[in-house]
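Chemist: Please construct the entire structure, taking both the sequences and the accompanying hints into account.
In order, the protein sequence lines correspond to chains A and B. Using the numbering used here, read the first sequence as starting at 15 and increasing by one per residue. Using the numbering used here, read the second sequence as starting at 15 and increasing by one per residue.
Hints in this document: simulated from the structure, not taken from any laboratory.
Computed cross-link-like contacts, EDC-like style, restricted to lysine to aspartate or glutamate with a CA-CA straight-line distance of at most 20 Å:
id, chain 1, residue 1, chain 2, residue 2
1, B, Lys331, B, Glu356
2, B, Lys330, B, Asp358
3, A, Lys255, B, Asp29
4, B, Lys255, A, Glu119
5, B, Lys25, A, Glu221
6, A, Lys286, A, Glu297
7, A, Lys83, B, Glu37
8, B, Lys366, B, Glu323
9, A, Lys59, B, Asp71
10, B, Lys255, A, Asp29
11, A, Lys65, B, Asp71
12, B, Lys286, A, Asp71
13, A, Lys25, B, Glu119
14, B, Lys59, A, Asp71
15, A, Lys286, A, Asp276
16, A, Lys286, B, Asp71
17, B, Lys65, A, Asp71
18, B, Lys65, A, Glu62
19, B, Lys25, A, Glu119
20, A, Lys255, B, Glu37
21, A, Lys134, B, Glu119
22, A, Lys255, B, Glu119
23, A, Lys255, B, Asp21
Number of protein chains: 2
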Amino acid sequence: MSNNMRDCLRKSVLDMTAYTPGEQPQEGSVIKLNTNENPYPPSPKVVEAIKNALTSDRLRKYPDPLGTKFRNAASVALGIDPDSILIGNGSDDILTILTRAFVPESGLIVSATPSYLLYKTLSEIQNARIELVPFTNTWQLPQAWPYPGANLTFLANPNSPSGTLVEAPEIDNLGQLLKGPLVIDEAYGDFARHNAMGRFQKGAQPEGIVITRTMSKSYALAGIRFGFAVANPSLIRELIKVKDSYNCDALSLEAATAAISDQVYLKDTVAKIINTRNRMFLELGKLGFKVTPSEANFLWCTHEKHSPEFLYLELKKSNILVRLMRYPGHEGIRITVGSDSEIDLLLQVLRKLV
Amino acid sequence: MSNNMRDCLRKSVLDMTAYTPGEQPQEGSVIKLNTNENPYPPSPKVVEAIKNALTSDRLRKYPDPLGTKFRNAASVALGIDPDSILIGNGSDDILTILTRAFVPESGLIVSATPSYLLYKTLSEIQNARIELVPFTNTWQLPQAWPYPGANLTFLANPNSPSGTLVEAPEIDNLGQLLKGPLVIDEAYGDFARHNAMGRFQKGAQPEGIVITRTMSKSYALAGIRFGFAVANPSLIRELIKVKDSYNCDALSLEAATAAISDQVYLKDTVAKIINTRNRMFLELGKLGFKVTPSEANFLWCTHEKHSPEFLYLELKKSNILVRLMRYPGHEGIRITVGSDSEIDLLLQVLRKLV
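Modeler: This is the structure:
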């Protein structure tokens with residue numbers, strides 16, 4: 015780029031490193047245990063709903079900007095007020111909307127670390143500061159939270175890459191300290207013992223917290239890009255101003271509506287994944303891995319003898335992709351809970367390797 | 015909302031009025047001539063492509079973040095370098111990405127007026143300033159451009175609501191004056207006598223201009239949300255940092271790829287719309303309308319006797335939606351070019367009305 019065009023870009027954008035998502039090979043027969051996709055198909059009702067919506071009229075017309083049908087279905091499924099729901103093009107879109115709504119240039123974003131790397135990327139795009147507060151050794155929050163005045167505080171719960179859960183009293187404690195909103199990023203909430211959705215049930219309208227959810231993991235819909243936020247309706251009305259008018263497309267809206275309406279299927283899929291997760295935890299332990307107990311659909315591991323990089327590269331040679339992740343003071347591999355047969359193959363390769 | 019939460023939102027967001035998209039009735043048999051949707055179906059290859067992609071595997075896995083297949087197809091269709099293309103969740107997503115990449119807080123966005131209202135909304139979300147430069151009486155740019163130092167200059171070409179086109183030498187002239195990039199928003203470019211895409215053909219990599227396109231209008235795909243930008247590849251690489259990693263979903267990518275590959279269908283549809291537009295222009299003129307000659311898929315009208323509001327409301331009573339638009343010094347109705355039978359009905363109602 016000429017110097018002229020460089021001068022025109024915001025310096026924060028020019029200086030930043032792009033967020034690197036996990037590898038997404040579009041071809042080939044790789045076993046993908048690197049981006050926490052669901053090994054099971056979405057509810058059969060999803061494909062049916064998309065097929066039914068696949069008319070010229072739906073394709074050529076703009077979708078409902080507010081996603082009313084989805085909001086009503088989610089309201090029934092989760093027992094919350096439809097007006098407390100904001101639709102998003104994936105929960106990344108929701109996290110972007112929240113950042114733009116709350117964080118001015120030079121404002122402050124705070125998150126625990128190690129956690130979802132996108133929070134840092136969002137701060138860089140917004141030209142805001144970010145402070146990362148280390149988790150305790152048991153993956154809980156520090157007793158004293160050093161940044162109560164943050165414009166926005168992100169808490170991934172369960173957390174990635176650790177898969178660990180911060181307990182409800184600790185969340186209450188943090189929430190009470192904070193001036194700005196606490197965003198509880200529950201991308202993996204359906205796989206955990208508990209989540210924060212109960213706070214919005216039966217007409218409750220708490221202030222100060224926003225829950226974000228994605229359909230990519232537990233609902234097996236990473237391909238259609240759909241997420242949502244749950245917050246006080248008066249806040250949702252303000253956030254709607256910040257989103258693109260038509261941020262969710264007609265087919266994704268249908269898919270998400272069908273998926274969230276099929277809670278029986280969700281619970282069945284989640285139960286299967288938790289079973290496999292428990293088995294992985296035991297078997298990896300036998301192979302010399304140190305595995306963090308997980309409340310998500312992945313496991314965070316290091317090995318007593320082998321480096322994470324060695325394991326990542328060797329598994330890749332066997333066409334198994336896991337995610338190698340490096341944070342200050344933490345380096346490991348994050349392995350998605352796959353199907354039972356995928357995990358059998360993983361364990362088979364690992365038995366030869368370690 | 016409690017005062018506490020109000021204090022936390024950015025003031026620019028709290029103070030802004032949301033962008034109001036045209037009415038989108040989700041039910042009923044309304045004739046929609048208000049949001050410039052295409053009256054014809056998308057290419058039959060689009061439905062076929064979505065059906066073929068409708069597998070559990072595509073739904074549950076993340077899509078290609080860069081949209082490689084679409085970029086290659088667009089490269090062939092438009093004769094441009096695939097690396098000069100950025101994919102977006104509608105061209106609104108692209109306009110958002112450009113704003114975030116170039117415009118700091120308190121920065122300056124400039125556009126001609128009356129034009130696309132979203133430019134103002136984007137400046138408000140970014141907490142930037144916006145200056146609107148009036149078009150001349152013949153819908154051209156003023157000889158002297160008052161804001162050469164803008165961080166970003168938007169030019170909708172053809173323009174909405176007028177449907178008029180700024181000529182190439184005027185664009186060159188403006189581009190040479192500007193310090194920041196000129197965004198040529200060609201949402202309606204396929205309906206016009208000429209567009210700026212030729213500037214990027216045969217390996218040319220111009221600096222300083224960005225073309226934005228949507229699949230919502232000429233390709234009849236408003237429901238799937240797909241747009242793209244064309245710019246110098248070195249700039250595209252920077253803009254990729256600012257977009258959400260997975261901003262386009264798997265089915266939309268397939269739909270857009272199929273649509274842009276079927277240029278024969280596009281040209282056929284566009285020719286039909288232009289024919290109807292010419293007929294509307296003549297017939298509305300006979301009914302006492304003052305109609306601006308249009309290079310888009312809509313017509314900007316006022317009437318010698320009746321107010322725009324009267325016409326809008328009376329047409330609505332007959333289940334015909336047009337867009338009532340008010341700008342300082344300009345008030346009128348914008349009528350989308352529908353199918354021939356829809357326009358026959360419109361003219362029939364208007365004949366009784368005026």
